[in-house]
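Chemist: The chain contents come next:
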Amino acid sequence: MPKQINVALIGNPNTGKTSVFNALTGLNQKVGNYPGITVDKKEGICKLPRGVKAHIIDLPGTYSLNASSLDENVVIELLLNKNDKDFPDVAVVVSDVENLKRNLLLYTQIKDLEIPTILVINMSDRMEYKGIQLDIPYLEKELLTKIALISTRKNKGIDQLKALIANYKELSITPCLNASEIDNTYFDKLRKAFPNQLLYKLWLVITQDVNFGKIDRNQIDAIDSFKTKSKADLKRLQQKETIKRYQFINNTLKKGQTIDLSSAKDLRIKLDRILTHKVWGYLIFFTILILMFQAVYDWATYPTDFIDESFASLADWVKDTLPDGAFTNLLAEGIIAGIGGIMVFIPPIAFLFLFIALLEESGYMSRVVFLMDRIMRRFGLSGKSVVPLISGNACAIPAVMAARNIESWKERLITILVTPFTTCSARLPVYVIIIGLVIPEGSFLGLSYKALTLMALYIIGFLTAIFSAYILNKILKIKSKSYFVIEMPSYKIPLFKNVALTVIEKTKTFVFEAGKIILAISIVLWFLASYGPGEQFNNAETIVRTENASLSEVDLDDKIAAHKLEHSYIGIIGKAIEPAIKPLGYDWKIGIGLVTSFAAREVFVGTLATIYSVGSAGDNEDTIKSKMAAEVHRNGEKVFTLASGISLLLFYAFAMQCMSTLAIVKRETNSWKWPMLQLASMTIIAYLAALIAFQFLK
Amino acid sequence: MNTIVQNSLVFTAVALAIWFLLHKFGVFPKRKKASTKACGNDGCGC
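Heads up: the sequence lines are chains U and P, in that order.
Going by the numbering used here, the first sequence opens with residue 1, and the numbers climb by one from there.
Going by the numbering used here, the second sequence opens with residue 699, and the numbers climb by one from there.
Any given hint could turn out to be false.
[What the hints assert, rightly or not] With a Cα cut of at most 30 Å, we get these calculated DSS-like pairs of lysine-lysine:
| no. | chain 1 | residue 1 | chain 2 | residue 2 |
| --- | --- | --- | --- | --- |
| 1 | P | K722 | U | K673 |
| 2 | P | K722 | U | K627 |
| 3 | U | K244 | U | K101 |
No lab work stands behind these hints: they were computed from the structure.
This is chain U alone, in the form it adopts within the complex:
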């Protein structure tokens, strides 16, 4: 027996396949992508009896081996390709005790590929509620396999499953259905044309265009002695196959399964009636949303502030402890600040995914999606786009990641592209400071102008997202099946382990994927702001001291820092872009803020704070505000007026000023094309909106 065996976990969606995967592998798992596509590839190692190790792959959920989506195709490609390094020694088909009949269709198909197959019947703890009884020995005999009756919720049957996997060589590989029964004449011809190939495999290749071995669809078509059928005939034969399989399954379950509905105690129908109600359904959903926002905004503030303060203290400690010098400054102001800038996003991401995981695990998310689909579809989105669009108000990064469960590639892409328009929390520091500067005091219907402006910015963000989705739906020429099929799983109390693993996995993905890019950008930005060419930068201290001999030491330090920044590389860049941003009402200093805040929007406030010589960002907002309010152009006009302020607010409302969102969009779309397109179009929209606003209001 080899020391490590390949095990493929296969099953319909919502059968608890991932719970089985978690139970088998624990934390010994990693998530990657299948080559060339963005479908998650979850792998893990499980220790089996007698020192055998199992390499377990959690394959995407599929209802049958007749693929209708990218992730379903992954399952078929693996099962048909014996040369794939992940080709399973044993397939574990996970089914749900409540939907055994439907789940067995996939099982019989996999069994017919002559791969040793174990049938797992999960959620056995619900059998009593549902009045279900199973005759396991009879089912094992009829289905020609070994069955593991398990409950991941109660942690029952996992050891039995491990023992069955370890003894996979004892499993029968006899098919459940004789493929020739589908059409004797046709399959006889097929057998004669390809005598060394498995008949059912050939049939799957013919019907699905999947390559395997030395035979592909074109080769099949090229052989004169074998003429395949028309698409319509093949479809008819596929239907015949499905009917034959269900006949077999029905006969097996007739004796192997009894369901006593009188003893069932099910609340599902009653709950569904309320949660998908056209009035109550929406009300309950929006109440949950408010709670979710409260968590992401308010509850996450405590750990976020703690992380922020800890990194600020660490930076101070590094500066105080290490010898003075460029590298110490890089560590304190670049690297530690950069890592801090990544870590502060962990609490909102974790809270958001905690809520999403709880809603998904409980079975409620499917009801929300069903509820929202009719509204979102009008704009080219899916019901499933609701979650990313809502999450985008906290942070676009987890929101873009949350679009993964949208099956249609076109709908998923549109959702990813429009989500950054929604007002993320990183825009807030910019909004707060600019609104405070330029919007006058006063109120309308008891609401202050400042609060109304803030609310208007949120509404503008959401409406732009919806409107852009509508436009993209019209112009994107992507062939994608747009249908809406959603299974309503039973309501369950979420499993702590599954929720925790989801939160850990999503947070890890952000920290290690987007985080690396943010850190690298921070280092480069720090360098550009700390170094500069020529006399003006190198002799900044002498120049400033000569010109401002009467100033105090503190004021001099501020002046020197500002002078250096003006003549640093980033200052030169700011000056270079000044002609382009002048029509928007901005000067070179705001230009630097625009450049640095490309790493993250909130960097804008910190950059202005440094430029206006008041030390580091944020901790003394009034001082920054008063300095900004006092800032004047060379001709004596104020820099921050109503016109330039509104222009700046609109620029930040539309612009894609977030490197980490671009990085995550690249990761999710597997291409730089979409994030670059997103960057260009959002910047153009932002520029035009800011230009129009300034030119009208000035």
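Once you've looked at the hints, dock chain P against the given chain U.
Modeler: Relative to chain U, chain P alone:
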């Protein structure tokens, strides 16, 4: 730690960051990995 060491460390860190970003943005060609999707029974990988 003297100035030379500090400056060398800074330039190394910045160079690494730039290299990483260029690499991420696909400026450097990636080494071709052997395909896992073999087209023949002998796993030729073509």
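Chemist: Checking each numbered hint in turn, tell me which of them this model violates, lowest number first.
Modeler: 2
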